[in-house]
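Novice: Hey, can you piece these two chains together into the complex? The hints should help.
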Amino acid sequence: MSQAPTREVAKRVFAREFNDATYTFKESDEERAPNFALLPTGDRANRVFVVGTLTETEDIGDDSEYWRGRVVDPTGTFFIYAGQYQPEAAAFLRDTEPPAYVSVVGKPRTFETDDGSVNVSLRPESITAVDEATRDRWVVETAERTLDRVEAYDDETNEYAAMATERYDASLLDSYREEVLTALESLDGVAEDEPEATA
Amino acid sequence: MTDVRQHAEDLHEQFSGHADVSVDEIEERLERLVDEFKVPMDEAKRSVRSHYVDETGVDRDELAGGSSDEVELGDIDQDEQWVDLTVKVTQLWEPRSDSIAQVGLVGDESGTKKFVSFETSELPELEEGAVYRLSNVVTDEYEGQYSVKLNRTTTIEELDEEIEVGDDDVTIEGALVDIQSGSGLIKRCPEEDCTRVLQNGRCAEHGEVEGTFDLRIKAVVDDGVDAHEVIFNEAATEDVADISLEEAKDMAMDALDTTVVADEIRDEVMGVYYRVTGPTFGRYVLADDVEELTERPDTESTLIRARSM
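First to last, the protein sequences are chains P and S. In this text, residue positions in the first sequence follow our numbering: the first is 1, and each later residue adds one. In this text, residue positions in the second sequence follow our numbering: the first is 1, and each later residue adds one.
Hint data in this document are derived by calculation from the structure and do not stem from the laboratory. In this text, all values refer to a predicted model and were calculated from it rather than measured experimentally. Where a beta carbon is used, it is the ideal one built from N, C-alpha and C, also for glycine. Be aware that one or more of the hints could be misleading.
Unchecked claim - Listed below are the simulated DSS-like cross-link pairs for lysine-lysine, each with C-alpha atoms no more than 30 Å apart in a straight line: (1) S/Lys249 to S/Lys218; (2) S/Lys249 to P/Lys26; (3) S/Lys218 to S/Lys187; (4) S/Lys218 to S/Lys114; (5) S/Lys218 to P/Lys107; (6) S/Lys187 to S/Lys249.
Said to hold, decoys possible - According to the in silico footprint, chain S covers these stretches of chain P (three or more CB under 8 Å from chain S): (7) 36-44; (8) 60-67; (9) 70-80; (10) 115-121.
Excised from the complex, chain S in its bound form (with noise of 0.2 Å):
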């Protein structure tokens, strides 16, 4: 089947039932815009699906319904694409503006994505932690990624079924190779949600607070093809450095110097190889779970793919 044919049988099937069009004129009027006309295939697509809209006087979002799959949150990498979900609604957020309905995170054995549902919609509430079929939904991109948005088209049905959400984390391996500043002994902002880490005892909203104190490690880890950068929490810093924030504070007291801490860990850590897991945060690796690499990795494939080579 010829490209052109394909699309216009996409369109076709985006207006069975609304009108009385075939395969056939469809393909002629795509094949008139991109052959004669050198018009791109989207344009042209959504030239010829306007036409019929027009003619038909058909709603152009019952419309999209047609050609809307069902996929995994995982696979979602395009920017407006009809697509229908099965989900379970994980967070719900406070919405931000008086449009947005509901906002929060839905998620399938792939992981999770935002989703957002309009006022204007007037679409029935979503509950945390309840499970629903999504058809008719849209994908959105803003800065690489993706969410999905509901509109009024858009039928949600729920399922007494449970479903394991998988999470969005990587694992790394690799080798330590870096502790960046603003490792070890920090204080953070005692504001209510403000946890910024301070700066010669200043935050950047509240200006000069008593800071509370908290123990991490801004770290690269480097497996000679990538470098990551690896944030280790109070948990994960005390599990790597065998160093935990109440000696932390006495270190530093008896050295009446917070530098000796991140001078302690650069010992205990760097060099060191680990497997780190965790959700990604900017260009950050969160390290949730660390684990040190003491085993030497299987050397007879190595042999094997050096000695045939």
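One chain only, chain P, in its complex shape (with noise of 0.2 Å):
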């Protein structure tokens, strides 16, 4: 199987995040170009790693089985929507007894509602179960890499930072810094930062 294009890594976005990239976007006019979710914080993402707990499933499908999941992280629910044409992510949902940890290998899918507004959602290339330790390393490295991507939002060569503060209202940038916050605190063990006294 040729692999021509380099793969697309998988970015690190908690659900928040994830769920307020309603804006997606093509880099090239080729028919097989990737389709890109552009993140807040000011990256592309055409496929993510999320790890969660699996809270619910659900067969909405009419005549054919169409699976929806609810991914939960610190800071919000990824929804899974899983079909015929995920045959495997399909049946993973249809087997699974919810409550589970959960990592999603996925490409970011928006949709408009019926009321106009983009709802975001995740098309699983592969759902697996996985224990506790792999989702706190999931929690971590995923507020790493939010960091990285606030702290590289102001740099002037960011042109997915530039094209963030056109799509989106940047005052949020600083929401994602606190939910980095959020989801650390949310660990077993990690204390939370005494309030600050007031000066």
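Specialist: What follows is the structure in structure tokens.
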């Protein structure tokens, strides 16, 4: 199997930011050009890797099976949809009894609802059961990657940050940093910061 | 010191003992070419060097030695540099051409590089496992890979010391996010020196053959910044997927299908974080050493970072 284009890296992003990534784009006119979601912290994501708790599964298909799963991280919920073209992921959602820790590799997808708002979901390439250690590692790793993006946001050469400033409310940037703290503090044994005394 | 002056001194050093020429004179020639005639510095140096070679009748090969520096193999990142090395011969290969006297690998603490010596250079033979100081070898580049060439100006001094040869291994960490086709229970060509993976019982070189079973994983390990392709051989596969070649064969036999093995492996390793160490081969990292990462990474530094932003 030829793999001429380089494989797209699986970006790490918390659910809260992922669900805000409503703008998608392509970078070339070629027919098979990859589709990217624009992350509000100023990066593009063709693929993501998420780890969280599968809390609910439901077959919402009419004629054929179409499974929806909710995967929760410390900041929000990823919506996973798997149908006949993702048979392994669909089978996993059918056979797995929530709650369970799962890892999902998948592609961001957006769809417009009847009221005009845009929902972001995840089309899985794979879902597997993992343990708590893997989930904790993902939280710390995703925190680091998110901070990397927030830090690089003001670089003049950061074209995706420029794009994000154009498409999203840049005042939300700090909220993603806050989410990082929330996520880290949610881990067992991590103490919350003492509230700072106001001078 | 100006750039031109520095280059003039380099050249002067190369001619020391060969030609009676001052640094000023060399500088003047360089300046004229660079400033007046807009010749790039590399080209100007080359031209000035040629001028004095012609004038003095010095052997060009003898000249180059003046500027060679003692370097480590890992520092070699340029073509056609004259360098001195202290290395151990770690491998000798069969030369594929009559013009090549010896070919193999030399190594120092920073890693290994290929070396070649030519029949025409009439150099003494290097022995595998021995340590040498090689003066005046020249670097070469092919498709981004560097090697060193010995030549007839190279001096070889055998040293009575042992040096530790560093490995060229890379270490990567990340989550295993994909298993590629060609993973699981595979069959290889049994012909001597041919280990090609069979496609539908056929070897690309030897046609239809009775293959021998092997176990491997071709996977992608991704840290959110880079996606690395990694090959786990039989031992590494047994290690991470907790399945032996015998078990894999039994499993495939029972199911009358080899794909069950890849499915079993997938369930074990997908989404798991690994630290993988091994040499690179083309675009692949060969997993010599694999460790599953189960410890939670330090949260304190990340917290401090988030709070201080």
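Novice: Compare the structure with each hint and give your call.
Specialist: Tested hints:
For the proposed pair S/Lys249 and S/Lys218, the alpha carbon gap of about 18 Å is at most 30 Å, so the pair holds. Taking the CA atoms of S/Lys249 and P/Lys26, the gap is about 45 Å. The hint is violated against a cut of 30 Å. For the hint linking S/Lys218 to S/Lys187, the alpha-carbon distance of about 15 Å falls within 30 Å, and the restraint holds. At most 30 Å may separate the alpha-carbon atoms for a hinted pair to count; S/Lys218 and S/Lys114 meet this at roughly 27 Å.
Our distance criterion of 30 Å between C-alpha atoms is met by S/Lys218 and P/Lys107, whose separation comes to about 21 Å. For the hint pairing S/Lys187 with S/Lys249, the CA-to-CA distance comes to about 11 Å; that is within 30 Å, so the pair holds. Requiring three or more residues with a Cβ within less than 8 Å of a Cβ of chain S, the coverage given for the stretch 36-44 of chain P is violated, as only 0 such residues are present. Coverage of a stretch by a chain is defined here by at least three residues with a beta carbon nearer than 8 Å to that chain's beta carbons; for the stretch 60-67 of chain P and chain S the count is 0, and the condition is violated.
Against chain S, the stretch 70-80 of chain P contributes 0 residues with a C-beta closer than 8 Å to a partner C-beta. That does not satisfy the three-residue criterion, and the hint is violated. Counting residues of the stretch 115-121 of chain P whose beta carbon lies closer than 8 Å to any beta carbon of chain S gives 0, which falls short of the minimum of three for the stated coverage.
In this structure, the earlier hints numbered 2, 7, 8, 9 and 10 are contradicted, and the remaining ones agree with it.
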